[in-house]
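Same order as they appear, the protein sequences are chains A and B. Going from the first sequence to the working numbering is simple: count from 1 and add 225. Going from the second sequence to the working numbering is simple: count from 1 and add 416.
These aren't lab readings, by the way, just hints derived from the structure by calculation. Heads up, a few of these hints could be off.
[To be verified] Per label pair, the in silico range of CB-to-CB distance:
1) Ser-566(B) to Asp-321(A): 26 to 34 Å
2) Ala-481(B) to Ala-379(A): 55 to 63 Å
3) Gly-432(B) to Met-407(A): 57 to 65 Å
4) Ala-602(B) to Pro-399(A): 53 to 61 Å
5) His-657(B) to Gln-324(A): 40 to 48 Å
6) Ser-655(B) to Asp-262(A): 19 to 27 Å
7) Gly-438(B) to Leu-403(A): 29 to 37 Å
Glycine included, each C-beta is placed from N, C-alpha and C at the ideal position.
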Amino acid sequence: MATDSSYPAFEPAIVRCEPGRCRCEGDWTLDGIEKLDLRPQSVGWPKDHIELDGSGIGAIDTTGALRLLTLIAELERASHPVRLVGLREEHQALLDLVQERRASAGALAAAPRPQGHLERLGRTVLHHLNNGLVFLSFIGEAAVALARLALHPARFRWRALFGNIETAGVHALPIIALLAFMMGVVIAYQGGRQLEFYGANIFIVELVALTMLRELAPLITAIVVAGRTGSSYTAQIGTMQVTEEVDALRTIGIPPMDLLVIPKLLALTVALPLLTVFADALSVFGGMVMAQALLDVGFDDFLDRLPKVVTLTSFLLGVGKAPVFAAIIALVGCYQGFRVRGSADSVGRQTTVSVVQSIFLVIAADALFSVVLGGIGL
Amino acid sequence: MNEAAGPATAVVAVRGLWTRFGSTAIHENLDLDIDRGEVVALVGGSGSGKTTLLRAIIMLLQPAAGSIKLFGQEIVGIGDAAAFRLRRRFGMLFQQGALFSSLTVRENVAVPLREHTRLPARQIAEIADLKIALAGLPADTGGKLPRELSGGMLKRAALARALALDPALLFLDEPTAGLDPVSAGAFDELVVQLKESLGLTVVMVTHDLDTLWQATDRVAFLGEKRVIGYAPMQELTRSEHPLIRAYFEGPRGRAAREQTACRAA
Ligand SMILES: Nc1ncnc2c1ncn2[C@@H]1O[C@H](COP(=O)(O)OP(=O)(O)OP(=O)(O)O)[C@@H](O)[C@H]1O
Ligand SMILES: [Mg+2]
Chain A
226 MATDSSYPAF EPAIVRCEPG RCRCEGDWTL DGIEKLDLRP QSVGWPKDHI
276 ELDGSGIGAI DTTGALRLLT LIAELERASH PVRLVGLREE HQALLDLVQE
326 RRASAGALAA APRPQGHLER LGRTVLHHLN NGLVFLSFIG EAAVALARLA
376 LHPARFRWRA LFGNIETAGV HALPIIALLA FMMGVVIAYQ GGRQLEFYGA
426 NIFIVELVAL TMLRELAPLI TAIVVAGRTG SSYTAQIGTM QVTEEVDALR
476 TIGIPPMDLL VIPKLLALTV ALPLLTVFAD ALSVFGGMVM AQALLDVGFD
526 DFLDRLPKVV TLTSFLLGVG KAPVFAAIIA LVGCYQGFRV RGSADSVGRQ
576 TTVSVVQSIF LVIAADALFS VVLGGIGL
Chain B
417 MNEAAGPATA VVAVRGLWTR FGSTAIHENL DLDIDRGEVV ALVGGSGSGK
467 TTLLRAIIML LQPAAGSIKL FGQEIVGIGD AAAFRLRRRF GMLFQQGALF
517 SSLTVRENVA VPLREHTRLP ARQIAEIADL KIALAGLPAD TGGKLPRELS
567 GGMLKRAALA RALALDPALL FLDEPTAGLD PVSAGAFDEL VVQLKESLGL
617 TVVMVTHDLD TLWQATDRVA FLGEKRVIGY APMQELTRSE HPLIRAYFEG
667 PRGRAAREQT ACRAA
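Just chain A, with the same shape it has in the complex (with noise of 0.2 Å):
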C-alpha cells in the first residue's frame, strides 16, 4: 500500500472533439500530458473555427497550461480561430500568470551562425598558438616572481616550501621505491638472460647501472611525480580558481604566484633530484637482486664493479635532468591550474591535460638531452 500511495493517481489528458465544438479533458499535468496525442487524424479538428471547451480539465500545472497554450498556438497558425471557454475561475489564473510570465521574458534570440570546417580549423590553430604564447609568458612572470623574492628573501614562503617538499617529495618514497625497484628487476632479468647466453654474467652490472641511472630512474621519477603531484597541484589551484580564493589572495595583496607557484617550482626542483637518487639506489638494488639469483653474481662482485664502470657523470647527468623535469611538471601543473574557468568540469579537464602535457614534455626533454649531450660527446 505504501508504495502506491507515495504516487498520486492521475487522468491522462485527452481532447475530444464533436462537430463545432472540443473538449479537453483528464489532468493537464506534467504527468498526464506524457501520452497526449495531438496529431489531426487522431483528434480530428473541426474545419475551421474551434471552440475549445475546458471546463473538463481536472488538474493543471505550468506544464500543462504551457502545453494548452501552445496548442492553442499551433492551431491558430493553421488558420483555425480558437476560442478558449469554460475554464475554472483559479485555471485562468494558472493559464494568465504563465502567458505574462512568457511574455515578459522575451523572444530568443537568434542561434549563432554555424562554422564551416575551414573556419573551425583555423580557430583552433590560433587558439594553439595563443595557448603556447600564454604559457610563455607565465614561464616569465614566474621568473620575475622568483627575482623579487630574491631581492626579499623575507617575504619567501618557507612554510609553504617545506610542506610541498614533503607531500610531493617524502610523501612519494613508498611507490617510487616499489617501482624502481620493479625496473631494476625487469631489466636484470630480460638483459640477464641474453648474457648468460653469451657467459657474460658480470656485465649486468653495465647493463644495469647504465640504463637505470643515465636514463631509466630520471624518467620514471618524473613520469610517477608528474601523475601524482603536477595532477594535485592543478586540482588544488582549479578548485581555488572556482570557488574564487585566488581572487580573494589577490585582494588581500597576496601575487598568487607567490604563494601558490614559487613554493611549488623550488619544492619540486629539491625533492624530484633527491626522489632521483633514491630511485637510482632502488633500482640498483633491484638488479643485484636479480644478478644474485639469476646469474650467480653475487652482491660482492656487483658493488665490487659498480665504481670502475660508473663514471661520476653517467650519474651526475642522470640526477641533473631531475630539475629540468621537476620544473617543467611544476609550471604546467600550475599553469593549467589557473586555466581553469568557472566549473568543476574544467578542474577535472584541465587536470588531464596537465598530466598529459607534463609527461610529453619530460620526454621530450628527456630526447632532446640525448640529442645534445651526444652531440657534444657525453
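Starting from the known structure of chain A, fit chain B with the ligands onto it as the hints suggest.
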C-alpha cells in the same frame, strides 16, 4: 494508517527527530507538521540547523532517530525505488544554487525532466524555457552557463530547476538572499501565486523579514535544537520566548512589522 501519521493533509510530518554530526546533536526531539497548500518558513539564528533540517527531510541526511513522513510515507529507511518516486514530487532550491556548472541553464532545468519523464526533447526545451520565464529570467538566460550569471540570477535559475517537475512540494533555502528588493518582492508574489493556482506547499528557510510578513502562512522558529515557536507571523512576534523576542525585536524586525501594518491599514 496509524495515529502518528497526523491529519491526512500533513504533507511533511516530523516526529521526535534527532540529527547529529559526530557527537554534536543539531536537533533533539524535534516535531514539525506542514499542511497541504501552506507556505511555511523556518527561521532561527545562523547555525541553528535550518539547512540541516531541510536536508534530513529531503533524504540527503540520515537522522539519528525519529520519524519523517513525506506525503504520508515514512522516509527513514525507505527503499531506493520508493525514494525515486518520492523525489519526483518535490523540488529543492539549495542555499548556494548548486547548478551543474558544465550545463547551460536550460540544460540544468531539463535534467529532472529528462530523468523523470519520457517527453520529446523539443517539449522538454519548451518546458524548461517556461520555468526560466516563471522564475523571472529573460529568455536568453537559457543558453548561458551558470558562471556567466550574477548571484541573483543564479538563485532564480536554481528556482527554475526546482520548479521543473511542477512539484507539489517546494523546499527553498534562502531564496531571496542576494536578490535586489524588487526581485525579492516579485519572488514573494510568485510564491503566493503558485500556491494559490497550483495548491503548492512551500517550505522555505529565510531571514528576509519582508518575505516572512508577505508570503508565509506559518513560521517555525528553530532554537535550542527544537521548534520553539510555530505560528503565523502576527502571533509569533508576540511570543514571550527570549530567543524569539531577540530575533524580531531588533530595529529591522520592528521596521518590517510597522511597514506591514501601514500597508494593511
Ligand atoms: N557537514 C557538516 N559537518 C559538521 N557539522 C555541520 C555540517 N553541516 C552543518 N554543520 C553544523 O550544523 C549546525 C547547523 O548548520 P546549518 O547549516 O543547518 O545551519 P543554518 O541554520 O542553515 O544556518 P544559516 O542560517 O547560517 O544557513 C552548524 O553548527 C554547523 O556547524
Ligand atoms: Mg543554511
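Here is what the structure says about each hint:
1. Ser-566(B) to Asp-321(A): 26 to 34 Å: Because 29 Å falls inside the window, the suggested range holds.
2. Ala-481(B) to Ala-379(A): 55 to 63 Å: holds (56 Å)
3. Gly-432(B) to Met-407(A): 57 to 65 Å: holds (58 Å)
4. Ala-602(B) to Pro-399(A): 53 to 61 Å: Since Ala-602(B) and Pro-399(A) have Cβ atoms about 60 Å apart, the given range 53 to 61 Å holds.
5. His-657(B) to Gln-324(A): 40 to 48 Å: With a Cβ separation near 46 Å, His-657(B) and Gln-324(A) satisfy 40 to 48 Å, so the hint holds.
6. Ser-655(B) to Asp-262(A): 19 to 27 Å: This hint is violated: roughly 56 Å between Cβ atoms.
7. Gly-438(B) to Leu-403(A): 29 to 37 Å: holds (36 Å)
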